[in-house]
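*Asks:* Add chains V and Y to chain A, keeping to what the hints say.
Spelled out, the chains give:
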Amino acid sequence: MRKSFDGFLAVGGVSLTVERGRIAAIIGPNGAGKTTFFNLVTGHLKPDAGTVRLDTRDVTGLAPHDICRLGMGRSFQRTNIFPRLTVYENVQAAFLSHRGRGHDLWSRVERLYREETEAVLTSLGLRERAGETSGFLSHGAQKQLELGIALASEPSLLLLDEPTAGMSATETRETIRLVEHIARERGLTLLFTEHDMEVVFSIAERITVLHQGRVIAEGTPAEVRADAEVRRVYLGERR
Amino acid sequence: MALLARVPWGPLVLAAAFCVPAVGSRFYTFLANDIVIWALFATSLNLLVGVTGLVSFGHAAYFGIGAYTTGLLMKKLGLPFLLAFPAAGVLAGALALVFGFFCVRLTRIYFAMLTLAFAQIVWAICFKWNEVTGGEQGMPEIPYPSFDWVAALPLVGGWRTAEYFYFLTLLMVALCLWLLRRIVGSPFGRMLTTIRENAERAEFIGVNVRRYELAAFVLAGAFAGLAGGLFGIFNRGVFPDFAYWTKSSEVLIMTLLGGMGTFYGPAIGALVLIVLNQQITSYTEYWPFVLGVILVVLLFVFPGGLAGAAQAAARRLGGVRRA
Amino acid sequence: MPDPSFVFAQSLSGLTAAMFLFLIASGLSLIFGVLRVLNFAHGTFYMLGAYSCFQFVQWLGVGGGRFWVAALAAAATVALLGGLVERLLFRHLYGKEELYQLLFTYALVLILSDGAKMIWGTQQKSVSRPPGLTGASSLFGATIPHYNLLILLLGPAIALAFWFVLQRTRVGRFIRAAALDRETLGALGVNVDALYTWVFVIASFLGGLGGALISPMRATVPGMDTEVIVEAFVVVVIGGLGSFWGTFLGAVIYGQVLSFGILFFPRFSIFAVFALMAGVLIIRPWGLLGRPLK
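Top line first, the protein sequences correspond to chains A, V and Y. At position 39 of the first sequence (counting the first as 1) the number is 64 in this note's numbering, and the numbers step up by one without a gap. At position 214 of the second sequence (counting the first as 1) the number is 270 in this note's numbering, and the numbers step up by one without a gap. At position 94 of the third sequence (counting the first as 1) the number is 680 in this note's numbering, and the numbers step up by one without a gap.
Isolated chain A (complex conformation) (with noise of 0.2 angstroms):
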């Protein structure tokens, strides 16, 4: 896929292609396109050329509302929740939109999908701060519900926009940990962007690395780790 800002090339013949099932990462300095080609993914941006498939489907150029329903969740780079819905209500809002309740203008809603919910808050361990304000919540947790939010949209493949940012490292480590857990006991094809490396050489199954909006390695974590290009372009970027 191509993408140009203004003359400006972010994302230039990037192709990428994730197996069911599998988790993927794709890496890169800042500016090296992760988050524009994710917008690309996700339908918030229209690339000049090339074209998204979700299993066999076309969905380039699809409303992100739309690419949502066909099963494609994400997470965003920065926290993105609706701050004075309570934590249940973030998680539950997206079951309500998933399982078609939108057009239910009768209904009373506390009620709905109340067990869903807290099955999804209890494996993220929100459970207990069910009833709390989401916008209270410190910036670990609000990941931690943002993951639940793109969980209850019930997706087939998730994609996560820098999960670990600004967590600690206990906090990361644990958030990674879940991630992958929940990724295996539901079949879901992930795909994430990351700067911990820790993070991604620990749980992806196959790497992509970006460079000024191109692909410059990929293949498997000790593949990309012995990339020649890879590593001057990290190194060099370390001095």
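It is worth saying that the hints were derived from the structure and are not from the lab. None of the values given here were measured: they were computed from a predicted structure. Every residue, glycine too, gets a C-beta built ideally from N, C-alpha and C. Each statement offered as a hint is correct.
Only part of the chain A face toward chain V is listed, based on derived beta-carbon distances under 7 angstroms:
#1 PRO89
#2 HIS90
#3 ARG94
#4 ARG99
#5 PRO108
#6 ALA119
#7 SER122
#8 HIS123
#9 ARG126
#10 GLY127
#11 LEU130
#12 SER132
#13 ARG133
*Replies:* Quick look at chains V and Y alone, frame taken from chain A:
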């Protein structure tokens, strides 16, 4: 405090409202009638502002359309209230559909400006279309619905027409508010709040934001039209200024004064504003000045409006849980 | 077929009206561009400019250039008021939701316009034209008052002066920078708070000046503020929120549409103006010369 939350405020207030003509003078009935209609108007706007997060500067357009519809149907075509009243909602809703279609494609300030532009267009048409709307003079002498059959009934007979109309208004507004309450508390209503909280995120839990916003716009417009239909009769006449932008700002202020974060906030705002207006204009002609000062004080001290402040106080005093 | 001299006269009258609208609208656009708030009270500053000019003329008289002193003094008074309002009150609302800021400006309308009523009453006030400009000339067969001609020259002159300030002076550059990215500007050590106050002061000055200059042409009455603010909104929408020349262009277009509208379609002229506003918002929301808001 939890006990206070259990009290069935709704039915109590309604019952109290019904008693007004019995215990108060004609003037109080008049005032109560005014308050009740504006309460509906303000609550309808809150569906847009408080629930969905869309600030409209042109809500009076639908109020005006509703008033002219009912007025025209009853005065010029002699239709009964039971037809003319719902027609106000239908026509206002239809217009909201057309206008809203264009408005929801825009965000924030542009959205607000377009709602204003459409409202001024409605006003300009009402102001100039002399043949249909009576132009600048408006349509005076809208007839009351016929209450003869009610007066003949044993228990409820013996009231004046204005009082019967008040009871009718109460019933209609209570019904509308109940419907609105159901809508706000429904899954649809919850989707609207997700749009308010974070439209980008709502989009990616599968919410077609534009379509939901349009639906909210139409519903809000329809209920505003119903309020307008009632007001035209109550006011004994329909005039172009019903759709002028200052009317929109009045209802917006009521909504904010009472608190857009709660369902009954706007209704309380309507009550407070109308009563204050009435009280203060008896002492001074400078009511706008007083209102302006009150608003400024409110903005700096109680950003959540009166209802918001009351809620915060109640929470501090001891654990009122939401049902 | 109306005769050419009549058309010419209408067009000039439209242009004259446009000059006043430009003065108010440019202030509105400036405040929106930098502070991102739509100042409902701007029409009221305009009205206060007219009333203040009336007052200064009462004290000073109109002879020997005193009208111009009065007009400038009126504009300065309004500018001072604007600065005080920003400094003491508005500043505290910056972090809050936009809606609250808007509501505050509306509350200002209520307070200031009633304040004007308290001071000057509800009877309309008029200001005589300065001596030397009381006559009229014949131009292409149409009779044009001299004062109007002067306004037609002053308008663009003020526009150019204002534009010069924006483009060439330090303050102007800061203002343009603040409109684009205020955080960075603050990080660069510029006193953004003071800048905001200055923006308010300049914008209020322009609005007040507009009111002062129009006072010899039209009666000063309560209610002129709510009427003019909607017109200013239309101008700013057509031209583009935050665009300087867009505001000028928008004012000119508005003036022409209104004056010719009244001429050919008297019943639809107000409708036409708002239909134009709606049309611009639907087709090209950022106006003719504006830039899409991020």
